[in-house]
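**Student:** Sequence:
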Amino acid sequence: MKHIVLVFMAFLLATVAGCGRKSDTTGRDSAVPDGKAAGMIGVSLLTLDNPFFKVIGDTITEEARKNGYETMVVSGDKDVARQSNQIKDFIVKKVSAIVLSPCDSKSIVPVIQEANAAGIPVFTVDIPCYEPGVKIVTQVASDNFSGGQQAARAMIEALGEAGGKIAILAFKQAESCLLRVKGFREVIDAHNASGEAAVNVVAELESSGAKDLGYKAAEDTLQAHPDLRGIFAINDPAALGARAALEKAGRTQIVIVGFDGQPEGKQAIKDGKIYADPIQFPDKMGVQIVDAIVRYSKGETLPPQMLIPTSLYRQADAMNDPELK
1 MKHIVLVFMA FLLATVAGCG RKSDTTGRDS AVPDGKAAGM IGVSLLTLDN PFFKVIGDTI
61 TEEARKNGYE TMVVSGDKDV ARQSNQIKDF IVKKVSAIVL SPCDSKSIVP VIQEANAAGI
121 PVFTVDIPCY EPGVKIVTQV ASDNFSGGQQ AARAMIEALG EAGGKIAILA FKQAESCLLR
181 VKGFREVIDA HNASGEAAVN VVAELESSGA KDLGYKAAED TLQAHPDLRG IFAINDPAAL
241 GARAALEKAG RTQIVIVGFD GQPEGKQAIK DGKIYADPIQ FPDKMGVQIV DAIVRYSKGE
301 TLPPQMLIPT SLYRQADAMN DPELK
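Its first residue numbered 1, the sequence shown is counted upward by one per residue in the working numbering.
Heads up, a few of these hints could be off.
What the hints assert, rightly or not - SDA-like cross-link-like pairs, simulated, lysine to any residue; straight-line CA separation at most 20 Å:
hint : residue 1 : residue 2
1    : Lys248    : Leu222
2    : Lys284    : Thr61
3    : Lys298    : Gln288
4    : Lys54     : Ala37
For the record, the hints were derived by calculation from the structure and aren't laboratory data.
Generate coordinates for the entire structure from the input sequences, incorporating the hints supplied.
**Tutor:** Quick look at the structure:
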């Protein structure tokens, strides 16, 4: 009898232990094989105050999870020293990959070289780093040059046969924004060379891609050029700041062309406050950067850059946009 009891107790213990193991397995994230992360991805973005970069960060986190990776997403806050320290921290933590949108493509070079020396692959998103002496696996970004060209065509379209004076609200610290301005100026120069009514860039002021500085830059431009007819702002925050300055000055007839396609920018286009935006797709960037990391981890050779086309978004598009009020 004693022997039978012992056997029965052993059976119960085995059953309980077996149930425990089953519960542990089914409770794990199905995206992580055997409950172990494939690695950690360190992500340092230009800023998380801008909704555009917030979407990139959130999408990277979600896509990484699906592929078994953990993520650490931080904001560089447009401060290259802060971002350098973040990357050093990623190196100490021995992350599997680093994703970076540089606060300053030149000043960030030394710490990227540290990551290179540590054997950690570095990827850039939205803002590239084309500086010599660094190894970037691939750059995932909007086709900013082409987007700048789209913005110029929209400006020419909006100004019509009269042409006129325009200003550019720039962000010279970001390579992506330099490309936008370069593409914009190329189309404006070609237009002027064709003999059509001239569209003259009379000012290029720094906005840092921020609403408050966009406001100040637009305000200063209006004082210097009271006959201004248009403003090209390199992103939606700068464009919305410029619009606020125009409203304060009672100069709402001045055309604004922005860039990005953030919800607030799209709403301003619908309301007639911004003429058009070449819109970006930050969610696609997040998906593609994680895909690039996974492919690289499997030994694939990637192209030096992967560009996502922008799409010109006008008021007619906004009127049919179900996401707007």
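**Student:** If a hint holds in the structure, say so; if it doesn't, say that too.
**Tutor:** Against the structure, the hints come out as follows:
no. : hint            : in the structure
1   : Lys248 - Leu222 : holds, 11 Å
2   : Lys284 - Thr61  : holds, 13 Å
3   : Lys298 - Gln288 : holds, 15 Å
4   : Lys54 - Ala37   : violated, 23 Å
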